[in-house]
Amino acid sequence: EDQVTQSPEALRLQEGESSSLNCSYTVSGLRGLFWYRQDPGKGPEFLFTLYSAGEEKEKERLKATLTKKESFLHITAPKPEDSATYLCAVQATGRRALTFGSGTRLQVQP
Amino acid sequence: DAGVIQSPRHEVTEMGQEVTLRCKPISGHNSLFWYRQTMMRGLELLIYFNNNVPIDDSGMPEDRFSAKMPNASFSTLKIQPSEPRDSAVYFCASSLQPRFGQQSSYNSPLHFGNGTRLTVT
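Protein chains in written order, with our numbering: chain P, 1 to 110; chain X, 1 to 121.
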């Protein structure tokens, strides 16, 4: 059974204070690892897809990396508007649906 | 593009009543997914369709839940009868997936609607 574990559950940062979110996964065969952002009252919004170990993707202050067992979402010099819940999900080989982790609630204070 | 559209945004009903949630996927997408989100269990897959055909409904809690996709632009999730433990946010998502057996390095992500918050009293 595919499993995704995210840590920490919650993270409070000061504006400009860089940090990383962790996503550990167990999957029979990885077809893709996805990062989403979710704001209160909204659906998850797609950020990145990573396909193989060593791959990196960047978007503004966010950078996602992937190893064979985990993925990190690095946030550089965050701003208050980066406050949200960040969700990690895996798609196993041969499957269409995603298995999600429970998310990390990020709060960035000015 | 308007994105995935769900209705209603909020639904409050009494235990035992029938509830129908609606979803319009993004035009051109061939896969549709229903997820449920709660604080305790996070996002859980209920069912997904490919080319309007249900492929995996193993996440549907019990026979009280049913889903249909009569055409490529519309899907419903029905709960009958509803119970308080069904209270959650229900999300619909769509994507463009390669055909089974077709190799593709491109994997379209799931695009989510803004959900229906269901409260059963």
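A few of these clues could be false.
[To be verified] Here are some, though not all, of the chain X residues that point toward chain P, as calculated from beta-carbon distances under 7 Å:
# : residue
1 : 48
2 : 52
3 : 74
4 : 96
5 : 97
[To be verified] Pair by pair, the computed Cβ-Cβ distance ranges are:
#  : chain 1 : residue 1 : chain 2 : residue 2 : range
6  : P       : 24        : X       : 7         : 42 to 50 Å
7  : P       : 12        : X       : 53        : 44 to 52 Å
8  : P       : 24        : X       : 41        : 37 to 45 Å
9  : X       : 71        : P       : 109       : 15 to 23 Å
10 : P       : 80        : X       : 14        : 39 to 47 Å
11 : X       : 64        : P       : 3         : 35 to 43 Å
12 : X       : 63        : P       : 56        : 42 to 50 Å
13 : P       : 79        : X       : 80        : 40 to 48 Å
14 : P       : 5         : X       : 9         : 25 to 33 Å
15 : X       : 117       : P       : 15        : 39 to 47 Å
16 : P       : 42        : X       : 63        : 28 to 36 Å
17 : X       : 18        : P       : 24        : 38 to 46 Å
18 : P       : 79        : X       : 53        : 23 to 31 Å
[Unchecked claim] Straight-line C-alpha distance at most 27 Å; calculated BS3-like pairs for lysine-lysine:
#  : chain 1 : residue 1 : chain 2 : residue 2
19 : P       : 79        : X       : 68
20 : X       : 24        : X       : 78
21 : X       : 24        : P       : 68
22 : X       : 24        : P       : 79
23 : P       : 68        : P       : 79
24 : P       : 42        : P       : 79
25 : P       : 42        : P       : 68
26 : X       : 24        : X       : 68
27 : P       : 57        : P       : 79
The hints are simulated quantities; they were obtained by calculation from the structure and are not laboratory data. From the three backbone atoms N, C-alpha and C, an ideal C-beta is built for every residue, glycine too.
**Request:** Could you check the structure against the hints above and give me the numbers of any it violates, in ascending order?
**Result:** Hint check: 2, 3, 4, 6, 8, 9, 11, 15, 18, 19, 21, 22, 23, 25 fail, others pass.
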